[in-house]
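J.: Sequence:
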Amino acid sequence: MRTLVVGLGNPILGDDGVGWKVVEEVKRRLNNDASADVLCLSLGGIGLMEHLIGYERVILVDSYSSDAPAGSISVLKLSELPNYSAYHITSAHDTSLQNAMVLGREMGAQLPDDVIVVGIATERIHDFSEDLSPPVEKVVPCVVNIVLDLLRRGELEPERYERPCQ
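According to the working numbering, the sequence shown is numbered sequentially starting from 1.
In short, the hints are calculated from the structure, not lab data.
Backbone N, C-alpha and C fix where the C-beta goes; we use that ideal spot for every residue, glycine too.
Mixed in with the good hints there might be a few duds.
To be verified - Quick list of simulated restraints, FRET-style, between CB atoms:
| no. | residue 1 | residue 2 | range |
| --- | --- | --- | --- |
| 1 | Met-1 | Asn-145 | 18 to 26 Å |
| 2 | Pro-69 | Gly-108 | 40 to 48 Å |
| 3 | Arg-2 | Leu-43 | 15 to 23 Å |
| 4 | Lys-77 | His-126 | 24 to 32 Å |
| 5 | Glu-106 | Pro-141 | 36 to 44 Å |
| 6 | His-51 | Gly-154 | 34 to 42 Å |
| 7 | Glu-130 | Lys-77 | 26 to 34 Å |
| 8 | Gly-154 | Asn-32 | 14 to 22 Å |
| 9 | Asp-67 | Glu-106 | 29 to 37 Å |
| 10 | Asp-131 | Ser-66 | 16 to 24 Å |
Kindly generate the complete structure, drawing on both the sequences and the hints.
T.: As structure tokens, this is what we get:
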């Protein structure tokens with residue numbers, strides 16, 4: 001099964017870089033194992049969708065803003081996430097990943113049905129810094145282990161990750 005692991009975010013905007021830090025460690029731990037391709041991207045919507053073409057399974061690792069405490073972890077299928085492009089678009093030239101996937105499929109692109117999102121609640125995403133806040137930095141090893149576990153297992157069992165680091 002062709003699998004792609006993508007760290008999303010911006011590595012110079014504090015906690016927004018957590019996706020990159022996690023997948024860089026995943027790549028190091030995989031040690032050139034061909035079981036998955038690993039990328040770090042600062043894309044969303046259509047640009048991100050284009051990178052998913054040809055894969056059967058994708059794991060996205062990204063930060064998110066929430067009322068949850070910084071460092072909280074969520075593991076969900078992309079289909080379970082709200083499609084915010086119906087409410088707010090940051091660019092008139094792009095759309096949500098969910099909408100981009102629909103568009104891509106309508107155009108004949110071979111896109112994965114299995115897209116898993118591992119989200120980390122953040123504290124600072126607007127500070128110019130390559131450092132993560134302490135609560136986000138603290139959960140990086142746990143998130144790395146979640147991604148490696150997802151790669152080994154092949155199936156998403158959301159209840160398995162309800163309290164992953166406690």
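J.: Each of the hints needs a verdict: does it hold here or not?
T.: Status of the hints after comparison with the structure:
1. Separation of Met-1 from Asn-145 is about 20 Å and conforms to the stated range, judged on CB atoms against 18 to 26 Å.
2. Against the hinted window of 40 to 48 Å, the Cβ-Cβ separation of Pro-69 and Gly-108 comes to about 43 Å, which satisfies the hint.
3. At roughly 19 Å, the beta-carbon separation of Arg-2 and Leu-43 lies within the given 15 to 23 Å, and the hint holds.
4. Checking the proposed 24 to 32 Å range against Lys-77 and His-126 shows it holds: the Cβ atoms sit about 29 Å from each other.
5. The beta-carbon spacing between Glu-106 and Pro-141, approximately 40 Å, falls within the hinted interval of 36 to 44 Å.
6. A C-beta distance of roughly 21 Å is found between His-51 and Gly-154, which places it outside the suggested range of 34 to 42 Å.
7. In this structure the supplied range 26 to 34 Å holds for Glu-130 paired with Lys-77, their Cβ-Cβ distance being about 31 Å.
8. Distance hint check for Gly-154 and Asn-32: the Cβ-Cβ separation is about 20 Å, which falls inside the suggested range of 14 to 22 Å.
9. The given range of 29 to 37 Å is respected by Asp-67 and Glu-106, whose C-beta atoms sit roughly 35 Å from each other.
10. Taken as a hint, the range 16 to 24 Å holds for the pair Asp-131 and Ser-66, whose Cβ atoms sit roughly 21 Å apart.
The earlier numbered hint that this structure contradicts is number 6, and it is the only one.
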